[in-house]
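Number of protein chains: 2
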Amino acid sequence: MKTYIGVDLGGTNIRAQRFTAEAASLGRFDVKTNAAEGPKPVLDRLVTAIARVMPADRNEVGGIGIGAPGPLDPKAGVVIKAANLPGWQNVPLRDVLQARFGVPVFLGNDANLGAMAEWKYGAARGHNDVIYLTISTGIGGGVISAGQVIGGVRGMGGELGHTIAVGADGPMCGCGQRGCLESVASGPAIARRAAERIREGVQSRIPALANGGLAGVTAETVGRAAAEGDRLAREIVAETGNYLGRSIASFMHIFNPSIVVIGGGVSMIGDLLFDSIRVGAQKHAQSEAYWKNCPIVPAALGEEVVLLGGLALALEAGR
Amino acid sequence: MKTYIGVDLGGTNIRAQRFTAEAASLGRFDVKTNAAEGPKPVLDRLVTAIARVMPADRNEVGGIGIGAPGPLDPKAGVVIKAANLPGWQNVPLRDVLQARFGVPVFLGNDANLGAMAEWKYGAARGHNDVIYLTISTGIGGGVISAGQVIGGVRGMGGELGHTIAVGADGPMCGCGQRGCLESVASGPAIARRAAERIREGVQSRIPALANGGLAGVTAETVGRAAAEGDRLAREIVAETGNYLGRSIASFMHIFNPSIVVIGGGVSMIGDLLFDSIRVGAQKHAQSEAYWKNCPIVPAALGEEVVLLGGLALALEAGR
Numbered sequence: 002m003k004t005y006i007g008v009d010l011g012g013t014n015i016r017a018q019r020f021t022a023e024a025a026s027l028g029r030f031d032v033k034t035n036a037a038e039g040p041k042p043v044l045d046r047l048v049t050a051i052a053r054v055m056p057a058d059r060n061e062v063g064g065i066g067i068g069a070p071g072p073l074d075p076k077a078g079v080v081i082k083a084a085n086l087p088g089w090q091n092v093p094l095r096d097v098l099q100a101r102f103g104v105p106v107f108l109g110n111d112a113n114l115g116a117m118a119e120w121k122y123g124a125a126r127g128h129n130d131v132i133y134l135t136i137s138t139g140i141g142g143g144v145i146s147a148g149q150v151i152g153g154v155r156g157m158g159g160e161l162g163h164t165i166a167v168g169a170d171g172p173m174c175g176c177g178q179r180g181c182l183e184s185v186a187s188g189p190a191i192a193r194r195a196a197e198r199i200r201e202g203v204q205s206r207i208p209a210l211a212n213g214g215l216a217g218v219t220a221e222t223v224g225r226a227a228a229e230g231d232r233l234a235r236e237i238v239a240e241t242g243n244y245l246g247r248s249i250a251s252f253m254h255i256f257n258p259s260i261v262v263i264g265g266g267v268s269m270i271g272d273l274l275f276d277s278i279r280v281g282a283q284k285h286a287q288s289e290a291y292w293k294n295c296p297i298v299p300a301a302l303g304e305e306v307v308l309l310g311g312l313a314l315a316l317e318a319g320r
Numbered sequence: 002m003k004t005y006i007g008v009d010l011g012g013t014n015i016r017a018q019r020f021t022a023e024a025a026s027l028g029r030f031d032v033k034t035n036a037a038e039g040p041k042p043v044l045d046r047l048v049t050a051i052a053r054v055m056p057a058d059r060n061e062v063g064g065i066g067i068g069a070p071g072p073l074d075p076k077a078g079v080v081i082k083a084a085n086l087p088g089w090q091n092v093p094l095r096d097v098l099q100a101r102f103g104v105p106v107f108l109g110n111d112a113n114l115g116a117m118a119e120w121k122y123g124a125a126r127g128h129n130d131v132i133y134l135t136i137s138t139g140i141g142g143g144v145i146s147a148g149q150v151i152g153g154v155r156g157m158g159g160e161l162g163h164t165i166a167v168g169a170d171g172p173m174c175g176c177g178q179r180g181c182l183e184s185v186a187s188g189p190a191i192a193r194r195a196a197e198r199i200r201e202g203v204q205s206r207i208p209a210l211a212n213g214g215l216a217g218v219t220a221e222t223v224g225r226a227a228a229e230g231d232r233l234a235r236e237i238v239a240e241t242g243n244y245l246g247r248s249i250a251s252f253m254h255i256f257n258p259s260i261v262v263i264g265g266g267v268s269m270i271g272d273l274l275f276d277s278i279r280v281g282a283q284k285h286a287q288s289e290a291y292w293k294n295c296p297i298v299p300a301a302l303g304e305e306v307v308l309l310g311g312l313a314l315a316l317e318a319g320r
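From first to last, the protein sequence lines are chains A and B. Taking the working numbering, the leading residue of the first sequence gets 2, the next gets one more, and so forth. Taking the working numbering, the leading residue of the second sequence gets 2, the next gets one more, and so forth.
Nothing false has been slipped in among the hints.
Identical copies look the same in the list; a pair holds intra-copy or inter-copy alike.
Straight-line Cα separation of at most 25 Å, SDA-like style, residue types lysine to any residue; simulated pairs:
{"#": "1", "residue 1": "Lys121", "residue 2": "Gly148"}
{"#": "2", "residue 1": "Lys284", "residue 2": "Ile81"}
{"#": "3", "residue 1": "Lys33", "residue 2": "Thr49"}
{"#": "4", "residue 1": "Lys76", "residue 2": "Pro296"}
{"#": "5", "residue 1": "Lys284", "residue 2": "Ser259"}
{"#": "6", "residue 1": "Lys121", "residue 2": "Gln149"}
{"#": "7", "residue 1": "Lys76", "residue 2": "Gly103"}
{"#": "8", "residue 1": "Lys284", "residue 2": "Gly171"}
{"#": "9", "residue 1": "Lys76", "residue 2": "Gln149"}
{"#": "10", "residue 1": "Lys293", "residue 2": "Ala169"}
{"#": "11", "residue 1": "Lys284", "residue 2": "Ala169"}
{"#": "12", "residue 1": "Lys76", "residue 2": "Ala147"}
{"#": "13", "residue 1": "Lys284", "residue 2": "Cys176"}
{"#": "14", "residue 1": "Lys284", "residue 2": "Gly168"}
{"#": "15", "residue 1": "Lys82", "residue 2": "Asp45"}
{"#": "16", "residue 1": "Lys284", "residue 2": "Asn85"}
{"#": "17", "residue 1": "Lys76", "residue 2": "Gln283"}
To be clear, the hints were calculated from the coordinates, so they are not data collected in a lab.
Work the whole structure out from these sequences, hints included.
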């Protein structure tokens, strides 16, 4: 019986988990990334994490599927650059690990793997046309259309967070452009808007929840304040939902999906955010045919989403 | 030997053409749509046009592929609504024509058919990941990803003209939304911006080319003035190219295409426009990996593009 290893190379944690083909866990190992130490120690920890879940007989392993931050080239197996992994530039991760373990290795954008996981094992099971967004420090995306993951010629597609949300005079985005969806609806964008309004004198309990300091305001404190009925926090959550909903309406025009799944830390704000997203999508779609039979739902999988995506990638690539 | 009929149901002309499977023409018939007369006479003319290219032995016809304005439901064969065909609402065109001719009929969005035609017979031959835009009164789109036309659950995808180009306070779009790509980069948007600046007092030879009247300004007069070196016209062409380029950068992030093909009347402005589009896409893409090996080129097919798309649709659907 073949087994498969999913790996999540994140800016904060490295995780590795071995699965059966039916997604039953055969063991998991987590370790802090300590990304600031640079590529070499991080790569060593990655190798260690994989080794810890490797069975005695390597021939038993059908493949290793690794999710890493983009932009990366899945077809070449190369991490081109990774915002949260300082020093990672054109790292041929697939070949390095394949040489080390003698097992087929597959590399994918972590958000694309998240989309595959929600599609195969999570909230989008049974659908063929899926939009997936993961909203935290950045906004990652993944699309399944007619049962195929949208990758494009080099597999670099699916970057829904880096599509136009507002004009070219919009907020600066982590990608170097202005006005991307990520620049108006990520966790830091939410915190930034809250801090701006408070600095302008708007009364709010957000600073108290953030231990008094504006520097400590996060999307999470905004979400908590909104849940407690704070007016400013509710306004900001509603604005964020409207930005996301308007972008999702565009994605509906492009992909005509049957479901939209949203995960990531910011999605934990919950119903207040999702209701605004749904209203925004309905308001900005050009016809109800796009949203009427297309629910917008929270992700079903938690921190294991990229690991399960790694399994799905290894299973699919190994077929 | 099976033959195939392509049909272009447009707001101005109805065209029907019969082809061999190798796209050799076996006859074509064109007639004015006279759309203002309403659905019944238009449908009669459509039937007549098809009858004129129908061979004596109908069993010879492998299929009829019809391109019509969207939004439409290709899977149900229904024209939901058509901006340029007054009174067309939920017309079950496929079933009507299939009953009339006893031949398999396939319905598709005209821009999606345009994308298929450029892919199979035009500028994108040999590519598997194609973005197609057709820019005239509106902006239509079509996408081929990994050799599959992007349609989505009801086949209503590919509407690239109705994706966000600027904020929700942007110009009103024909679709009822604000700030869509079509609202800033279609022919009427170009004409509108030119007329606005001239009304504000900017000197230009555009009005002279439009026979003196601001009401007569079109994208074509702006294009001609730009070719003659008119400063305002060049500015407006450059702005339009930048809007298109910024949106194309988003489409590159979503689809990672290997070629972008642009057709439609506005594309006839030529190099001045395409150069601005290319600069805009490069400026707004998050990494050169997206645009470096992805040429942005004019469409190769002319007014027969939807007819050839109908052939491609009938061939593919009939397989």
